[in-house]
Structure formats: C-alpha cells, structure tokens
Amino acid sequence: MEKHVVVIFPHPDDEAFGAAGSVAKFRAEGVPVTYLCGTLGQMGRNMGNPTFANRESLPEIRKKELKRACETLDMELKMLGYRDKTIEFEDKQEVADHLRGYLEEIKPSLVITHYPGYAVHPDHNSLGAAAIQAVEDMNREERPKVWAQAFSNNHLEDLGNPDITNNVIDYFDKKLQTILSHDSQVAGMFGWYKQLDDLDEEVKKELIENQATERFYVWDFEKDSSK
Amino acid sequence: MKPIEIEKVQQALDSYSNKEVYIHLETTNGAYANHLDANAYTVGAYIRNAKVTYKQAKIIGDGNSYRVGLKMELGWIYAEGLTDWTIYQENQLLLAGHDREGRLMVALEVSETPFQQ
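Sequences listed follow chains Y and C, in order.
Under the UniProt record's numbering, the first residue of the first sequence is numbered 1, with each subsequent residue one higher.
Under the UniProt record's numbering, the first residue of the second sequence is numbered 1, with each subsequent residue one higher.
I should point out that these hints are in silico values taken from the structure, not numbers from a laboratory.
Some hints here could point you the wrong way.
To be verified - As a list, the in silico DSS-like pairs of lysine-lysine whose alpha-carbon atoms are at most 27 Å apart:
id	chain 1	residue 1	chain 2	residue 2
1	Y	Lys107	Y	Lys3
2	C	Lys2	Y	Lys64
3	C	Lys2	Y	Lys194
4	Y	Lys63	Y	Lys174
5	Y	Lys205	Y	Lys63
6	C	Lys2	Y	Lys63
7	Y	Lys78	Y	Lys3
Take these sequences, add in the hints, and give me the full structure.
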C-alpha cells in the first residue's frame, strides 16, 4: 500500500480527467493524497457553455472549481502559483527546487505527473519534467516512485504499452463528479460528460469504459531522461 | 458577457482615448488543436498589460462579429472576430469573440489600471 501520493499537474481539471479514478481508489484505501496544482488555468479558452466566465473572472472561478474537485476527492490541495502557459519559460531548476521542497516535507511513496514530451500541452511537459527533476535531485533512498501520464498521439509508438493500467470503473461516479466540479471547463471535447444520460446506451458504455481506465508509465531513473 | 452593443462599446472605447491605458490582446485556437486534428495548427498569442495611449478608436461590424482598431502615435492595435462585451469591475472594457461552444477565440481588453498578473 502507498504511504502518501502526490499528484503534480499544471491545471485545475488535469487531476479530474487524468487521475481522479486512481486518486479515489487511493483515498478509499485510506492513502493520503496531495495535489500540487501548478497554475489556475488562467488562459483556458473554455468559458462555460453557455459562457459564464470571462478572461478576467476565470482564475477565481477555476480556483473555486479546483477546491470543489479536491473536496469531492477528499484530496489535500496546494496551489503553486504559476501562470498558465508560462511554466516552460520559468527556470526549470527553480521549479524543480520548488517542487522538491514539497516532496521533502510530504515524503510521498508515489508521485503522479505528466510524461515529459508526451503530454501535448507545453505546461504538462514542462511541469512533468520539473517534477521528475525534483525526484531525481533527492537522495536515491528517499525517492518516491514516479508514474508518468502520456497521451500524445505518438506515445504508444514511442513508449510502448503503459506499465500501470488502473481500471477505475468502481470509482467512475466519483471521477464524473470531480470532472463536473470544473463546470467552466466541461465543454467542447468534454461536453459529453454533461449529457451522459441523453446518450445512446452503447455509446455511453464505450465512453465510460474509455474514461474508466487510467494509464501510467513507471519512470525508470536509470533509463529515462527528463531532459 | 453579452452580445456587442456597438454604440455602447464605441462610447467605452472613446472614454479611454488620449489616456495611458493597459491592453490585453489575445488570440488562441487551443493548446490541443493539432493534437485533435493533425491537419490543424496550434497557434496563439497574447500580450498582457501593454501600456499604450491611443488617439482614435473604432468598432465596426455586421451585427454578429466585430473588428476594433485603435490608432496610436506609432502604430495600431487590431482585433477581429469580437462577439461579446462587458464592463468588468467598473473600469475594464472586455471584448471577446467566442465560438458556438462558448470558447474564447480572441480577446481585446482595455483598462486604466493593470490587469491582474
């Protein structure tokens, strides 16, 4: 059993879509989970559908949504205070040191983050790289395991099959509730989450099965490079 | 925000002319554009809290979508595809263009005080 899990993603809602089922499972087992959330997603383009946010009100709205999501998952929240879309332009070592400060205090047995270079959004790739750097900078015997999430179109081709496949169907309701906490963001490509009950049973089943599987690669510090 | 009312927006734009103002100008098609469609390009740009002074401002459009041009001493600020507006926190004029799913595609904002960083 894990001792403590730390999730490191840059945006409010990354935890919901990417790892909410796994987090719910850890919490059900009594494992403490802390979310280090990099930014407030200030530059997101989803403003609700129909729109209820604007560019200036979005940060506060997303902060509230993030808090609600973490309450839903019963997960501790730490906000890191970076600005959306700018993490890759920060000094990588500084970000890594910032993260390492949390890791040395929390002493997790597992860190979940994005797989650098295979997580599409520049914030995902750069915060994932900094998180891995942070773990790498720790004493070897104190290092937590790292699960890295990849979903770029070329990830299977380049990285092979993920090492961890978590079936979280038993926690799907919790995951859905977490996703729906991010009301301003559940539109566009994720709009279907709001209309689940209107969907054809077959379609609904397929969508749920897809979302009820969370996959991660176990980072190998000997072989993999975060550079 | 609400659909642009051209006369009210023109009035608001005029109220900032010949003053030192802060501009937020942005366009985006989302960080996932190319991920979701290999034929699409991921493009975006923004500038936040650019301090400028314009001497002339105009909003023009057909009732659905509008363009705004701000004429400065040494150049122009331009935005196209604006659909909605609001006055935010009493002194910030926000203009934005949204797609049919409510996603922001373009924004032009003017304020006498800096926008939150």
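For the pair we were handed, Lys78 (chain Y) and Lys3 (chain Y), check the Cα-Cα distance against 27 Å.
holds, 18 Å
Quickly compare the C-alpha distance for Lys205 (chain Y) and Lys63 (chain Y) to 27 Å and report which way the hint goes.
Given pair Lys205 (chain Y), Lys63 (chain Y) is violated - Cα atoms ~31 Å apart, limit 27 Å.
With a cut-off of 27 Å on the C-alpha distance, tell me whether Lys2 (chain C) and Lys194 (chain Y) pass.
The hint holds at about 24 Å.
Is Lys107 (chain Y) close enough to Lys3 (chain Y), meaning Cα to Cα at most 27 Å?
holds, 9 Å
Would the hint linking Lys2 (chain C) and Lys64 (chain Y) be met if the CA-CA limit is 27 Å?
Roughly 23 Å between the alpha carbons, so the hint for Lys2 (chain C) and Lys64 (chain Y) holds.
Lys2 (chain C) and Lys63 (chain Y) were given as a pair; does the straight-line alpha-carbon distance stay at or below 27 Å?
Answer holds: Lys2 (chain C) to Lys63 (chain Y) is near 24 Å, not above 27 Å.
Given the hint that Lys63 (chain Y) pairs with Lys174 (chain Y), does the C-alpha gap stay at or below 27 Å?
Measuring from Cα to Cα gives roughly 20 Å; hence the hint holds.
Checked against the numbered hints given earlier, the structure breaks only hint 5 and satisfies all the rest.
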